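Undergrad: Protein chains in written order, with the numbering used here: chain A, 5 to 464; chain B, 5 to 464; chain C, 5 to 464; chain D, 5 to 464.
Think of the hints as simulated: they come from the structure by calculation, not from any bench.
Note that the structure is predicted; figures quoted are calculated from it, not measured.
Errors might be hidden in some of the hints.
Note: identical chains are not told apart, hence a pair may lie in one copy or across any two.
To be verified - Below 20 angstroms or equal to it, Euclidean Cα-Cα: the simulated EDC-like pairs (lysine to aspartate or glutamate) are:
| # | residue 1 | residue 2 |
| --- | --- | --- |
| 1 | Lys330 | Asp286 |
| 2 | Lys330 | Glu206 |
| 3 | Lys360 | Glu397 |
| 4 | Lys332 | Asp286 |
| 5 | Lys98 | Asp117 |
| 6 | Lys227 | Glu433 |
| 7 | Lys113 | Asp391 |
| 8 | Lys98 | Glu406 |
| 9 | Lys98 | Asp338 |
| 10 | Lys272 | Asp117 |
| 11 | Lys190 | Asp277 |
| 12 | Lys272 | Asp391 |
| 13 | Lys332 | Glu206 |
| 14 | Lys98 | Asp149 |
| 15 | Lys98 | Asp279 |
| 16 | Lys214 | Asp169 |
| 17 | Lys363 | Glu406 |
| 18 | Lys426 | Glu34 |
| 19 | Lys448 | Glu159 |
| 20 | Lys188 | Glu217 |
| 21 | Lys360 | Glu406 |
Protein chains: 4
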Amino acid sequence: MCGIFGIFNHKNASNIAYLGLHALQHRGQESAGIASTDGYGMQSHREMGLVSDIFNEEVLKRLKGHSAIGHVRYSTAGSSNLGNAQPLVVEYSKGNIAIAHNGNLTNAKVIKDELENYGSIFQSSTDTEAIIHLIALSHENTTLDRLISALRRVEGSYSLVVLTDKELIAVRDSYGFRPLVLGKLKDSFVISSETCAFDLIEARYLREIKPGEILCINKDGIKTFRPFKKMSPKFCIFEYIYFARPDSYMFGRTVYSVRKALGKELAKDTHVDADMVIPIPDSGIGAAIGYAQEAGIPFELGLIRNHYVGRTFIEPEESIRHFGVKLKLNAIHDIVKGKRIIVVDDSVVRATTGRKIIKMLRQYGAKEIHFRVSSPPTMFPCFYGIDTPSRRELIASSHNVEEINTYMTSDTLEYLTIDGMKRALGNGEYTYCDACFSGTYPSKFPWDMELEQMELFVKR
Amino acid sequence: MCGIFGIFNHKNASNIAYLGLHALQHRGQESAGIASTDGYGMQSHREMGLVSDIFNEEVLKRLKGHSAIGHVRYSTAGSSNLGNAQPLVVEYSKGNIAIAHNGNLTNAKVIKDELENYGSIFQSSTDTEAIIHLIALSHENTTLDRLISALRRVEGSYSLVVLTDKELIAVRDSYGFRPLVLGKLKDSFVISSETCAFDLIEARYLREIKPGEILCINKDGIKTFRPFKKMSPKFCIFEYIYFARPDSYMFGRTVYSVRKALGKELAKDTHVDADMVIPIPDSGIGAAIGYAQEAGIPFELGLIRNHYVGRTFIEPEESIRHFGVKLKLNAIHDIVKGKRIIVVDDSVVRATTGRKIIKMLRQYGAKEIHFRVSSPPTMFPCFYGIDTPSRRELIASSHNVEEINTYMTSDTLEYLTIDGMKRALGNGEYTYCDACFSGTYPSKFPWDMELEQMELFVKR
Amino acid sequence: MCGIFGIFNHKNASNIAYLGLHALQHRGQESAGIASTDGYGMQSHREMGLVSDIFNEEVLKRLKGHSAIGHVRYSTAGSSNLGNAQPLVVEYSKGNIAIAHNGNLTNAKVIKDELENYGSIFQSSTDTEAIIHLIALSHENTTLDRLISALRRVEGSYSLVVLTDKELIAVRDSYGFRPLVLGKLKDSFVISSETCAFDLIEARYLREIKPGEILCINKDGIKTFRPFKKMSPKFCIFEYIYFARPDSYMFGRTVYSVRKALGKELAKDTHVDADMVIPIPDSGIGAAIGYAQEAGIPFELGLIRNHYVGRTFIEPEESIRHFGVKLKLNAIHDIVKGKRIIVVDDSVVRATTGRKIIKMLRQYGAKEIHFRVSSPPTMFPCFYGIDTPSRRELIASSHNVEEINTYMTSDTLEYLTIDGMKRALGNGEYTYCDACFSGTYPSKFPWDMELEQMELFVKR
Amino acid sequence: MCGIFGIFNHKNASNIAYLGLHALQHRGQESAGIASTDGYGMQSHREMGLVSDIFNEEVLKRLKGHSAIGHVRYSTAGSSNLGNAQPLVVEYSKGNIAIAHNGNLTNAKVIKDELENYGSIFQSSTDTEAIIHLIALSHENTTLDRLISALRRVEGSYSLVVLTDKELIAVRDSYGFRPLVLGKLKDSFVISSETCAFDLIEARYLREIKPGEILCINKDGIKTFRPFKKMSPKFCIFEYIYFARPDSYMFGRTVYSVRKALGKELAKDTHVDADMVIPIPDSGIGAAIGYAQEAGIPFELGLIRNHYVGRTFIEPEESIRHFGVKLKLNAIHDIVKGKRIIVVDDSVVRATTGRKIIKMLRQYGAKEIHFRVSSPPTMFPCFYGIDTPSRRELIASSHNVEEINTYMTSDTLEYLTIDGMKRALGNGEYTYCDACFSGTYPSKFPWDMELEQMELFVKR
């Protein structure tokens with residue numbers, strides 16, 4: 005996954021972008037970058053690592069200009085290198101262009117092969133570069149028209165911010181898989197993956213970029229375009245369940261409220277007598293609070309998270325290599341001892357973490373452990389940007405709930421049903437992509453190469 | 005503050021020390037170090053930064069041997085440099101000695117001046133080095149006797165682990181200000197500031213090192229000594245309130261349970277009608293849960309913490325320099341809007357953070373804000389190792405509760421009383437140092453130089 | 005300037021390339037790089053700095069494979085950045101290709117503008133990248149034919165080594181401006197800018213790559229092609245005079261021997277009575293020895309060079325900023341005092357260094373100073389790869405010898421004549437480019453943009 | 005070996021020290037450091053590496069004040085670490101003191117053992133630290149008296165510069181083994197190991213610090229003291245032969261002139277018919293020029309040195325690990341082919357380098373090779389600061405000239421005789437330490453531990 009941010013017309017544009025990326029850091033910790041323009045030239049800086057480690061006063065001073073875009077990128081094994089960090093910045097015949105992308109193009113490999121046959125030279129292994137080449141090769145006159153022409157060729161999910169020397173363009177694909185919002189900070193327009201970035205910089209939230217919308221911001225103001233065929237929206241439901249920050253306002257509600265609602269529906273359907281409800285922190289907290297309130301069972305923070313576990317933490321030598329989840333989480337002895345405990349998590353992927361936590365709780369003397377999951381079984385991989393493992397590794401794609409319960413050694417295990425999930429999301433039209441639970445993918449993709457492509461090619 | 009750890013007789017001693025320090029990281033993020041011995045020579049590695057950034061496989065491999073001690077150090081302005089990182093390691097006439105110290109020697113400057121007059125050369129600005137020189141200058145024969153002779157000269161607080169080529173020694177001052185616990189990991193003895201380190205390495209908790217006890221561990225086993233005059237214990241109450249990790253078992257209970265108890269007592273004494281209780285994360289969570297349970301008011305995680313705020317985060321330029329607490333915390337709009345809110349924090353030092361949070365909650369539409377503090381007003385500086393600011397900066401030392409309420413702009417503000425605090429700590433003997441609340445310092449110190457010394461000299 | 009190296013079919017290809025670059029370090033100290041292939045994939049490593057600082061065992065181990073090419077690049081102000089380091093490595097429709105270039109394409113900007121109009125995206129500011137794009141855009145089938153098609157489009161000077169997964173190709177432009185030699189190391193073929201690299205790796209010198217020759221080496225052996233119109237050769241005479249290493253065998257003789265011959269001819273034409281001949285080290289040593297032998301005047305190393313002057317040496321603050329040449333050179337007091345001295349240098353560019361040396365020699369008591377230059381006045385800029393300053397800065401383009409003598413404060417100043425230079429180069433056909441002395445440029449270039457282009461665009 | 009420098013009363017003291025160290029870089033490439041004072045506090049900076057890599061504008065700006073001392077240290081295996089870099093800087097009861105030392109204390113271990121028994125704690129493994137501790141422990145009142153008292157205890161060789169907040173002190177041991185000179189730069193006094201540093205900063209050479217002299221410079225001027233028993237001087241003859249820079253004026257002559265004189269005497273005694281004389285660069289150049297002039301045989305620079313061989317150069321893998329001397333030196337084919345060659349070197353230590361050079365010259369076709377050494381056989385280790393290998397590794401301590409000739413595969417091999425060396429040094433009193441040739445050590449040292457000490461303890 006990734007987070008993107010853009011700002012137009014602010015005297016400290018790169019500083020604001022830096023703050024925006026800081027607020028979006030949870031969307032990607034592998035690399036970060038900012039590109040800025042003063043209307044004449046473009047500067048950029050990209051590095052592996054966290055926003056706060058990459059940027060300092062000196063770097064930000066060099067990123068001068070009134071407009072900027074930024075990007076944070078998630079770590080996925082194998083494709084982790086600086087060349088894939090964004091924003092991508094190139095100089096082509098029409099001037100400078102920088103682009104930051106959140107999503108995954110499902111036909112990127114097809115396009116790349118075709119363009120290389122015509123003589124294009126790719127510098128990175130990201131699908132985003134395909135868009136850049138399509139822009140450079142387009143025969144249209146304006147950047148906007150070239151961008152539209154390029155996007156007509158690509159399939160999959162994309163929320164984009166594009167920066168040229170004169171304008172900031174924001175785009176969301178026709179399904180609107182990934183979020184993208186518009187705000188105002190005094191005289192500046194700002195674009196962000198999530199509203200939490202607006203809160204930090206004290207910008208006012210205006211509205212979402214609509215699925216299929218292209219928003220073009222320049223010194224003459226803001227213009228909107230809808231050049232693509234209209235589709236029924238398919239917002240990613242996993243943003244609600246796991247990915248987005250609880251304080252972000254997304255698709256009409258705060259994420260925290262949705263998680264509480266999911267926990268409440270879970271409590272209604274899967275009641276069990278117990279002494280307390282404890283979440284697996286941090287992503288399970290919202291659902292656990294909702295569960296506890298609905299069930300009338302005390303909420304306790306029975307598992308403590310060590311927030312100093314960085315990416316560089318090394319596992320010690322063989323003989324002592326069984327620490328795993330304990331490096332991140334520890335249970336509180338006198339809280340869990342002798343108790344009947346409902347453990348709430350947001351989702352179960354491989355079930356290995358849950359199994360280890362249950363083992364620890366039992367070691368510390370828990371009497372009963374009832375595992376509750378505030379989403380349905382995750383059975384299908386995501387091809388639209390969430391880094392779920394391949395189908396083989398998703399335990400729910402090959403085991404039923406009873407088998408998973410046995411594996412996890414919980415006393416009982418229950419998932420939220422798809423119906424329960426729909427109830428939590430309200431009475432209105434159901435506008436979500438839930439392919440990871442249902443297997444119903446909104447868009448087609450080159451099926452013959454699907455698995456191969458999806459496992460070899462870089463996702464974000 | 006600091007955290008210390010020691011292990012004797014383990015084939016992966018430095019790896020275990022590394023894990024131990026990782027679990028104690030919350031006690032100090034400025035620097036970390038490990039010294040190890042194979043019985044013949046001593047190796048050590050110290051660096052500025054976090055445990056997980058400082059140590060890697062290569063470094064740990066170099067730290068060979070069956071025994072090791074480690075140290076994490078807290079950042080205090082001015083004295084932040086590698087020369088002050090610990091363990092201090094020296095070679096002197098009796099061989100190698102390494103020492104790691106948690107606490108603060110109140111007469112360190114007096115001793116340093118005296119020793120320099122006799123020709124000693126100090127290399128660091130830490131008070132701990134005074135102990136090293138006193139050991140080197142002692143006429144006793146064994147390291148143990150030299151250490152005892154040195155400690156007879158120093159005043160203040162100290163929990164120590166000392167490593168020589170042949171033994172691991174653990175010491176706690178006669179008041180027992182700072183915690184220190186003993187555990188067993190198969191055939192190895194382990195020493196740690198807190199039990200959370202034992203949980204991680206799966207060591208068995210045996211008992212606390214007693215106030216005034218010297219524990220000497222070598223190949224012949226473990227021996228205990230009580231060479232100093234017995235004092236009535238004065239455990240640091242601030243470890244419970246703020247400093248220690250919630251999952252640590254300390255002075256007879258887990259820290260989380262104590263915090264919940266403090267919150268419950270607070271609820272009993274300071275009742276107010278409200279729609280929800282929200283903590284200031286992370287340290288206020290335990291008390292807020294206790295408060296909510298006692299008061300029967302729903303608990304909500306209404307403030308979300310950004311865990312990516314590292315030490316290197318820079319504030320942007322002047323014109324946009326008012327982000328402050330928002331870099332760390334954000335409130336959830338639709339949860340707080342129109343609501344009567346009880347905000348629970350563990351303590352109030354300068355009141356600036358609380359004031360900013362209240363301002364944010366009001367911006368987001370909170371109707372009423374009742375601020376509750378699960379400890380009494382912090383009115384006096386700590387001279388025993390907690391890095392409280394000087395008296396001038398402690399708002400409660402110069403303002404009463406009403407004035408602080410006005411400053412913070414809360415609707416109401418209430419602190420836990422000292423009585424409430426004592427009730428929460430149980431019916432037994434009251435064995436705590438509460439000087440930061442009461443002004444009653446257990447030990448004397450060179451008064452004539454007190455203020456000067458305390459503000460100029462390095463604390464940890 | 006730059007140095008290039010290639011090796012095909014050696015189990016330690018990147019190690020050999022590393023040694024080769026080390027021997028060619030004098031041709032460029034700004035950056036260095038190696039690309040290698042095992043026949044399937046390509047690895048590369050490029051960095052700013054010296055060969056010995058950039059490569060270590062770990063890096064070389066990563067550069068696996070049986071074939072490799074390498075490049076060292078000279079520092080030219082403004083264009084000094086990693087993006088311009090070579091070898092350039094790209095993946096295009098036909099697979100991987102790496103290219104290392106010594107020379108300067110005079111029509112690179114024209115080509116770049118044209119290709120960008122067609123949609124190509126340039127990543128660097130080097131002229132070499134134009135060749136890469138022309139290869140990628142070619143409709144020919146094999147890399148060789150694509151390379152030929154690309155080279156038909158470019159003008160200027162180029163010695164190239166090109167590496168694909170299956171072959172190593174060496175090319176020299178039709179004039180043969182820059183050197184390029186072929187050698188054999190057991191079963192491996194090696195290519196190098198100079199023979200000094202062969203001496204180090206103990207390869208056997210076979211012959212020069214001929215002007216206009218394309219040499220293609222693969223597992224089936226070595227094949228030669230001459231696809232371009234034959235021109236009369238124009239070897240760069242400045243390689244002899246200043247640039248190449250004295251121990252290299254080039255265009256039929258060792259550079260040292262040529263320099264001695266130039267010095268001898270200089271002595272014949274510009275006799276003066278003196279007590280000693282001293283060179284400006286290191287480049288003037290060969291000519292000074294020749295001069296001294298011919299004139300029968302003792303040779304002395306009267307100027308000592310400090311070899312620790314690196315690229316990072318900083319000039320101290322304003323008030324003491326007049327050290328200049330003294331950081332590099334110092335004279336020997338009792339050798340020069342009261343003596344009549346002939347100072348020999350290989351060439352005079354701005355005359356500032358010579359002026360400072362003469363001032364120092366007079367300070368140390370020299371009685372007479374006769375400055376002798378073993379090449380004609382440098383009056384014209386080089387457009388074929390030597391980093392001479394622009395014409396405005398070449399003192400000889402605007403001042404006659406008498407004026408330069410006055411500026412330098414020498415008692416007498418004499419240059420070698422073009423005739424003398426031709427005599428030193430022997431009786432055979434005169435096959436050299438001496439445009440820097442004569443202004444006679446062998447090739448045409450886009451004159452309308454000449455000055456602008458040459459001063460803005462990157463040279464190497 | 006090491007080089008030392010000091011300056012008193014200059015507004016850019018640390019900048020001047022930086023330039024001075026740059027000129028002394030040949031005396032030590034392992035580490036460098038500068039300490040400076042503004043009369044109140046002391047700043048210092050030490051690092052591993054070359055002067056030009058260690059210091060930059062920012063670092064020099066931090067080293068503020070009107071006075072400074074600096075040190076460069078030579079690399080000796082095993083003791084290479086930052087803790088041993090100088091100047092040593094400590095704060096003790098009398099204030100700040102910094103010290104930089106060139107030489108070797110022969111009784112350092114004895115003193116260290118004794119001081120540790122009294123409780124002193126040593127931080128480094130350098131002998132210099134013993135002086136610091138003796139100063140700190142002295143009961144005298146002034147730094148000068150404490151220093152004198154300390155120096156009465158030490159034996160061996162030392163040239164020192166000592167900096168306090170108020171004064172700069174320069175000391176040379178009673179034999180004057182190592183050089184030390186005094187100069188004047190406008191209103192500032194400067195101290196340096198060699199005069200080449202004065203030439204760079206354009207200071208005026210005043211005189212040598214005399215053997216046994218203590219020079220104390222403060223705001224009241226310069227005072228000289230001779231507190232030690234007068235000894236007949238024993239200047240290190242190896243400074244002339246190999247170590248010092250040719251342009252330095254030392255013990256009454258320039259080093260270059262002495263080397264030429266040594267070469268001339270060598271020519272007189274060891275005549276052989278030959279076509280040319282070539283030096284092993286750089287240290288053999290002076291003697292080779294003298295030899296060639298005396299013998300009337302042409303001088304040629306037949307061996308070219310690659311000056312880019314840094315300390316970080318790595319030898320490639322096993323299979324190709326026989327490059328050795330070729331990484332540094334290459335011969336010129338057409339110069340040496342078919343010729344009778346006299347090769348001149350300044351000294352022979354292990355004879356391995358000479359052997360490899362002879363092998364290369366024969367490969368390139370040399371007809372006869374006559375090896376000539378401009379010093380007598382090096383048979384004894386130096387205990388006064390020159391890093392000669394232990395006696396076992398000195399080929400001349402166990403083999404006679406004929407055997408060495410056989411090993412080196414030269415046609416003939418001849419050394420300068422001790423008599424020849426004395427003739428070259430002139431008719432005056434012979435005031436040199438030639439223990440490395442004669443075995444006559446001027447001072448006694450603790451014989452019982454001699455070998456052990458000398459091989460285990462750190463030399464410089």
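Undergrad: All hints are to be evaluated individually against the structure, with a verdict given for each.
TA: Each hint tested on the structure:
In this assembly of identical chains, the alpha carbons of Lys330 and Asp286 lie at most 20 angstroms apart whether taken from the same copy (15 angstroms) or from different copies (19 angstroms). For the identical chains of this complex, Lys330 and Glu206 are inter-copy neighbours only, at 9 angstroms across copies versus 38 angstroms inside a copy, given an alpha-carbon limit of 20 angstroms. Taking the shortest Cα distances, Lys360 and Glu397 sit within 20 angstroms of each other inside one copy (17 angstroms), while across copies they are farther apart (46 angstroms). Within a single copy, Lys332 and Asp286 get their C-alpha atoms as close as 11 angstroms, and across copies as close as 15 angstroms, so both meet the 20 angstroms cut-off.
Only between protomers do Lys98 and Asp117 lie at most 20 angstroms apart by alpha-carbon distance; the minimum there is 11 angstroms, versus 24 angstroms within a single protomer. For a Cα distance limit of 20 angstroms, the shortest separation of Lys227 from Glu433 qualifies neither inside one copy, at 28 angstroms, nor across copies, at 71 angstroms. In this assembly of identical chains, Lys113 and Asp391 lie within 20 angstroms of each other by CA distance solely inside one copy; the values are 18 angstroms within and 43 angstroms between copies. When the C-alpha separation of Lys98 and Glu406 is checked against a cutoff of 20 angstroms, the pair qualifies neither within a copy, at 60 angstroms, nor between copies, at 52 angstroms.
Proximity of Lys98 and Asp338 under a CA criterion of 20 angstroms is satisfied in neither setting, with 67 angstroms inside one chain copy and 45 angstroms between copies. Taking CA atoms no more than 20 angstroms apart as the test, Lys272 paired with Asp117 passes in neither setting, with 52 angstroms inside one copy and 67 angstroms between copies. Proximity of Lys190 and Asp277 under a CA criterion of 20 angstroms is satisfied in neither setting, with 53 angstroms inside one chain copy and 38 angstroms between copies. In this homomeric assembly, Lys272 and Asp391 never come within 20 angstroms of each other (Cα to Cα): the closest approach is 30 angstroms inside a single copy and 48 angstroms across copies.
When the C-alpha separation of Lys332 and Glu206 is checked against a cutoff of 20 angstroms, the pair qualifies only between copies, where the shortest distance is 14 angstroms, while the shortest distance within a copy is 33 angstroms. Taking the shortest Cα distances, Lys98 and Asp149 sit within 20 angstroms of each other inside one copy (12 angstroms), while across copies they are farther apart (31 angstroms). In this assembly of identical chains, the alpha carbons of Lys98 and Asp279 never lie at most 20 angstroms apart, being 66 angstroms within a copy and 58 angstroms across copies at closest. When the C-alpha separation of Lys214 and Asp169 is checked against a cutoff of 20 angstroms, the pair qualifies neither within a copy, at 25 angstroms, nor between copies, at 47 angstroms.
In this homomeric assembly, Lys363 and Glu406 come within 20 angstroms of each other (Cα to Cα) only inside a single copy, at 18 angstroms, whereas the closest approach across copies is 50 angstroms. In this homomeric assembly, Lys426 and Glu34 never come within 20 angstroms of each other (Cα to Cα): the closest approach is 33 angstroms inside a single copy and 48 angstroms across copies. Taking identical chains as interchangeable, the C-alpha atoms of Lys448 and Glu159 lie at most 20 angstroms apart only when both belong to the same chain, with a minimum of 8 angstroms there against 49 angstroms between chains. For the identical chains of this complex, Lys188 and Glu217 are intra-copy neighbours only, at 18 angstroms inside a copy versus 63 angstroms across copies, given an alpha-carbon limit of 20 angstroms.
Within a single copy, Lys360 and Glu406 get their C-alpha atoms as close as 18 angstroms, which meets the 20 angstroms cut-off; across copies the closest is 49 angstroms, which misses it.
In summary, the numbered hints that this structure violates are 6, 8, 9, 10, 11, 12, 15, 16, 18.
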